[in-house]
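Protein sequence lines, in the order shown, are assigned to chains F and S.
Using the numbering used here, the letters of the first sequence map in sequence onto residues 11 to 163.
Using the numbering used here, the letters of the second sequence map in sequence onto residues 10 to 222.
FYI, nobody ran anything at the bench for these hints, they're computed from the structure.
Don't take every hint at face value.
Covered, in the sense of this in silico footprint (three residues per stretch, anywhere, with C-beta under 8 Å from a C-beta of chain F), are these stretches of chain S [as the list claims (entries may be wrong)]:
| # | region |
| --- | --- |
| 1 | 95-103 |
| 2 | 117-129 |
| 3 | 132-141 |
| 4 | 158-164 |
We put the beta carbon where it would ideally sit given N, CA and C, even for glycine.
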Amino acid sequence: MPGPTPNVDGDDTPPRDSPPGDTPPGDAADDGSDDGVRIDMISGARMEGLTSMEKIRLILDGVRDGNIVILEEGLSPDEESKLIEVTMTEISPDDFTGIEIETYPKAETSDQSFLDKLMGRKSAQKLTVIGPANRIETLHKDENLISTLVSRK
Amino acid sequence: MGLLTNLRDSISRVTDGLFAADDPKRIGIYGPPNAGKTTLANRIARDWTGDAVGPESHIPHETRRARRKENVEIERNGRTVTIDIVDTPGVTTKVDYKEFLDHDMEKEDAVRRSREATEGVAEAMHWLREDVDGVIYVLDATNDPFTQVNTMLIGIIESQDLPALILANKTDLPEADVQQIANAFPQHETIPLSALEGDNMDEVYTKIAEYFG
Ligand SMILES: Nc1nc2c(ncn2[C@@H]2O[C@H](COP(=O)(O)OP(=O)(O)OP(=O)(O)O)[C@@H](O)[C@H]2O)c(=O)[nH]1
Ligand SMILES: [Mg+2]
Numbered sequence: 011m012p013g014p015t016p017n018v019d020g021d022d023t024p025p026r027d028s029p030p031g032d033t034p035p036g037d038a039a040d041d042g043s044d045d046g047v048r049i050d051m052i053s054g055a056r057m058e059g060l061t062s063m064e065k066i067r068l069i070l071d072g073v074r075d076g077n078i079v080i081l082e083e084g085l086s087p088d089e090e091s092k093l094i095e096v097t098m099t100e101i102s103p104d105d106f107t108g109i110e111i112e113t114y115p116k117a118e119t120s121d122q123s124f125l126d127k128l129m130g131r132k133s134a135q136k137l138t139v140i141g142p143a144n145r146i147e148t149l150h151k152d153e154n155l156i157s158t159l160v161s162r163k
Numbered sequence: 010m011g012l013l014t015n016l017r018d019s020i021s022r023v024t025d026g027l028f029a030a031d032d033p034k035r036i037g038i039y040g041p042p043n044a045g046k047t048t049l050a051n052r053i054a055r056d057w058t059g060d061a062v063g064p065e066s067h068i069p070h071e072t073r074r075a076r077r078k079e080n081v082e083i084e085r086n087g088r089t090v091t092i093d094i095v096d097t098p099g100v101t102t103k104v105d106y107k108e109f110l111d112h113d114m115e116k117e118d119a120v121r122r123s124r125e126a127t128e129g130v131a132e133a134m135h136w137l138r139e140d141v142d143g144v145i146y147v148l149d150a151t152n153d154p155f156t157q158v159n160t161m162l163i164g165i166i167e168s169q170d171l172p173a174l175i176l177a178n179k180t181d182l183p184e185a186d187v188q189q190i191a192n193a194f195p196q197h198e199t200i201p202l203s204a205l206e207g208d209n210m211d212e213v214y215t216k217i218a219e220y221f222g
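Input sequences plus hints: build the corresponding full structure.
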């Protein structure tokens with residue numbers, strides 16, 4: 011059972027111009043196995059230059075590929091609302107059943123958590139974890155469980 | 010692009026008339042599926058206009074198109090408050106048609122129900138950003154209120170500075186825990202009620218008049 015493969019986006023990675031539906035960004039660290047779970051880590055710096063819809067596209071492309079997407083800095087309420095709306099328009103029988111989303115407030119992620127170590131930095135703002143609904147039983151508030159709660163295909 | 014056309018049509022259907030004459034406030038009834046939103050909307054409509062808004066059901070996503078009841082005049086303390094009630098589909102981040110199969114539904118009907126539900130939730134989210142003046146957030150007090158959907162929705166409502174009333178519904182059930190809802194959203198007032206039995210509706214109407222009048 012291979013563990014989740016962190017796929018940390020460097021701050022210097024420019025946003026891609028490729029159209030939605032293309033390979034999601036940051037697949038350099040593809041785990042190379044069929045039942046492995048890939049995690050797309052998206053830094054705050056990377057999200058900074060994107061429009062709301064580009065952020066949502068980035069997230070949903072990752073999730074629809076079966077990945078767990080971790081945002082170093084969460085979405086604004088307005089973006090969360092659009093994420094729900096766009097998710098709804100993309101749900102289709104036997105293909106995509108929607109998303110699970112969980113946020114981890116600053117207080118709980120302070121002092122060098124496991125995620126901070128993965129991100130190689132001190133405590134992040136509001137970590138947001140988003141995954142495909144059919145592959146995630148529950149995203150618990152305990153960050154150490156993220157890696158173990160991902161259901162196998 | 011049937012969905013977008015439908016969305017646009019139903020949005021304009023709802024916005025038509027919303028800006029008519031006196032502009033009563035549009036109050037959206039939001040909350041997770043099965044919380045009792047339609048039961049509450051029907052009770053309010055029946056109490057003040059004499060007719061209902063839409064069907065209620067124990068099967069989630071019974072409401073899949075927002076329904077409006079216009080010009081509901083609520084009288085409180087010698088004052089009349091006029092509002093439009095918009096009953097919305099229960100908000101969620103996922104819909105799997107297979108869950109409806111457990112409710113004795115054929116696949117075709119379940120798939121249709123799920124498609125309608127997703128369109129309805131998308132619409133409801135859109136309106137929340139554009140078209141409501143206040144929110145009644147209904148929660149089933151027998152369920153854990155600490156869900157991501159509730160947190161996100163309350164956050165969205167707060168970010169728009171909309172007046173919001175939180176209702177802890179189904180207090181007639183012994184497992185109802187109103188305090189847990191109050192604890193989950195301490196920045197808002199929580200009003201207990203049973204929309205089904207009509208318990209505590211007086212306080213609900215007083216608060217509606219106070220918040221949305
Ligand atoms: N015991 C009890 N049951 C209630 C109460 N209010 C609603 N219900 C029941 O809860 C179920 C769901 O009620 P609805 O009003 O259809 O819920 P909704 O929030 O509109 O649901 P969706 O439209 O599917 O999102 C129905 O079986 C209602 O009879 C209440 O105060 N007490
Ligand atoms: Mg309903």
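Taking the hints in turn, this is what the structure says about them:
Residues of the region 95-103 of chain S with a Cβ under 8 Å from some Cβ of chain F number 4, which satisfies the need for three, so the listed coverage holds. With 5 residues bearing a CB less than 8 Å from a CB of chain F, the region 117-129 of chain S meets the requirement of three and the coverage assertion stands. Under the rule that three or more residues need a Cβ within less than 8 Å of chain F, the assignment of the region 132-141 of chain S holds, with 4 such residues. Counting residues of the region 158-164 of chain S whose C-beta lies closer than 8 Å to any C-beta of chain F gives 3; at least three are required, and the coverage claim holds.
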